[in-house]
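K.L.:
Here's the letter readout for the chains.
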Amino acid sequence: MTSYTAEFDDIPGTRVFTASRAKSGYALNQFCMSLMKEANRERFKQNERAYLDETTKMSEEQKQAVLDRDYNKLIDLGGQIYFLAKIFATDGLSYLQAVSTMTGMPIDEYQQMMISGGRSPEGWRSIKDGN
Amino acid sequence: MARITHGLTTSHIPAVGATIDHGRTQEPYWKPLFEGYEWTKAWAKENVPDVIILVYNDHASAFTPAVVPTFALGCADEFPPADEGYGPRPVPVVTGRPDLAAHLAEGLILDEFDLTLMYDMPVDHGLTVPLSLVYGQPQAWPVTVIPLAVNVVQYPPPTGHRCFMLGQAIRRAVEQFDENLNVHIWGTGGMSHQLQGPRAGFINQPWDHAFMDRLIKDPAELAQMKHLEYVREAGAEGIELVMWLIMRGALGPEAEELYRFYHVPGSNTAVGHLVLRSVETPA
Numbered sequence: 001m002t003s004y005t006a007e008f009d010d011i012p013g014t015r016v017f018t019a020s021r022a023k024s025g026y027a028l029n030q031f032c033m034s035l036m037k038e039a040n041r042e043r044f045k046q047n048e049r050a051y052l053d054e055t056t057k058m059s060e061e062q063k064q065a066v067l068d069r070d071y072n073k074l075i076d077l078g079g080q081i082y083f084l085a086k087i088f089a090t091d092g093l094s095y096l097q098a099v100s101t102m103t104g105m106p107i108d109e110y111q112q113m114m115i116s117g118g119r120s121p122e123g124w125r126s127i128k129d130g131n
Numbered sequence: 132m133a134r135i136t137h138g139l140t141t142s143h144i145p146a147v148g149a150t151i152d153h154g155r156t157q158e159p160y161w162k163p164l165f166e167g168y169e170w171t172k173a174w175a176k177e178n179v180p181d182v183i184i185l186v187y188n189d190h191a192s193a194f195t196p197a198v199v200p201t202f203a204l205g206c207a208d209e210f211p212p213a214d215e216g217y218g219p220r221p222v223p224v225v226t227g228r229p230d231l232a233a234h235l236a237e238g239l240i241l242d243e244f245d246l247t248l249m250y251d252m253p254v255d256h257g258l259t260v261p262l263s264l265v266y267g268q269p270q271a272w273p274v275t276v277i278p279l280a281v282n283v284v285q286y287p288p289p290t291g292h293r294c295f296m297l298g299q300a301i302r303r304a305v306e307q308f309d310e311n312l313n314v315h316i317w318g319t320g321g322m323s324h325q326l327q328g329p330r331a332g333f334i335n336q337p338w339d340h341a342f343m344d345r346l347i348k349d350p351a352e353l354a355q356m357k358h359l360e361y362v363r364e365a366g367a368e369g370i371e372l373v374m375w376l377i378m379r380g381a382l383g384p385e386a387e388e389l390y391r392f393y394h395v396p397g398s399n400t401a402v403g404h405l406v407l408r409s410v411e412t413p414a
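Quick note, the sequences are listed as chains P and X, same order.
This note's numbering applies: residue 1 is where the first sequence begins, and numbers increase by one.
This note's numbering applies: residue 132 is where the second sequence begins, and numbers increase by one.
A portion of the hints provided could be inaccurate.
[As the list claims (entries may be wrong)] List of simulated lysine to aspartate or glutamate pairs, DMTMM-like, C-alpha gap at most 20 Å:
| # | chain 1 | residue 1 | chain 2 | residue 2 |
| --- | --- | --- | --- | --- |
| 1 | X | K357 | P | D10 |
| 2 | X | K357 | P | E7 |
| 3 | P | K128 | X | E360 |
Everything labelled a hint here was simulated from the structure, so no lab data went into it.
All chains, please: the whole structure from these sequences, using the hints.
P.N.:
What follows is the structure, encoded as structure tokens:
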């Protein structure tokens with residue numbers, strides 16, 4: 001890991017999509033892209049497990065995180081949000097709805113936070129500096 | 132010769148496109164956002180350029196994980212709206228400007244910007260939402276468009292400085308085009324927002340305002356800002372703001388602010404919008 005990449009780890013609650021994560025998440029993100037086709041979305045919805053087993057080379061951990069719709073885990077495992085968006089679009093969820101699940105806040109509370117001006121930067125800038 | 136006379140920046144939130152497409156712009160949640168573009172819509176009717184160079188980022192629509200071009204210039208006759216997972220947006224096909232695009236490709240590559248050239252490329256909300264915000268819902272877009280897609284998805288994206296220099300090179304290349312064309316350049320994306328992790332929902336209003344001020348008055352210094360500061364102060368997806376520096380570089384040293392709008396929230400995002408005039412070129 002270069003110092004460029006390492007510096008981002010000081011930002012709380014954030015994973016930037018580095019070339020290294022792109023490599024480890026390649027099969028996962030390509031699975032997401034497959035959901036751009038209506039026929040694939042239908043097949044996935046009919047039997048998610050079978051679709052993952054038959055059409056992807058994802059790790060078991062990645063497959064389970066897809067089945068669980070655990071987006072924080074998926075990002076840790078090399079997923080990127082614009083690719084992952086194909087999963088929640090297939091589920092009929094908006095960005096707002098899907099993104100809120102990563103914060104641990106109920107959707108109404110998250111929506112209210114956004115209407116009130118969004119998450120304040122205070123305390124969310126740096127782990128090291130605690131600000 | 133061709134000249135870049137004006138620049139425009141705007142966020143390109145997908146939910147904004149869906150709201151326009153479903154006729155919901157007058158709902159209380161959305162109304163203040165769309166009202167913020169009324170000035171621009173009126174201005175744009177009176178100031179139709181021949182071509183817009185539209186800087187945006189693709190969101191896993193044209194580019195799969197298999198290929199990650201840093202700068203990709205659209206050289207085709209036309210660009211269809213992408214199916215982003217729920218069918219293409221009901222918006223007109225975007226008409227390209229292949230003669231100027233070919234000229235830009237040559238000028239910029241010889242100027243040492245190693246672009247990827249795209250001859251078959253669908254365009255997603257990153258490009259079509261700004262067009263909808265400015266031109267509404269016409270049968271056909273009133274302008275031709277040269278898309279310039281920038282990687283801001285996989286790190287590292289280009290530096291702000293590289294983006295600013297590319298904008299300056301675009302200005303030089305446009306001015307070497309023989310035909311008399313009025314060219315506008317748009318920089319899209321931003322402002323502060325984060326769509327991932329426990330920090331999602333991050334918004335930094337004072338920082339966004341300062342960014343707009345510095346973009347207009349002191350872009351060369353702003354261009355020195357590191358990626359780390361964008362992510363720390365504007366959220367993970369706030370990195371899109373490097374694209375605004377391409378627009379600003381293409382306006383020349385001095386730019387006049389004609390209009391500014393800022394609104395929170397648009398879905399998960401701080402909406403920022405500027406209309407600028409290049410002071411070097413006649414009003």
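K.L.:
Compare the structure with each hint and give your call.
P.N.:
Status of the hints after comparison with the structure:
In summary, the hint linking K357(X) to D10(P) is supported, as the alpha carbons are separated by about 15 Å, within the 20 Å threshold. Among the hinted pairs, K357(X) with E7(P) is consistent with the structure: their alpha-carbon atoms are about 11 Å apart, no more than 20 Å. Taking the CA atoms of K128(P) and E360(X), the gap is about 15 Å. The hint holds against a cut of 20 Å.
No hint from the list above goes unmet by this structure.
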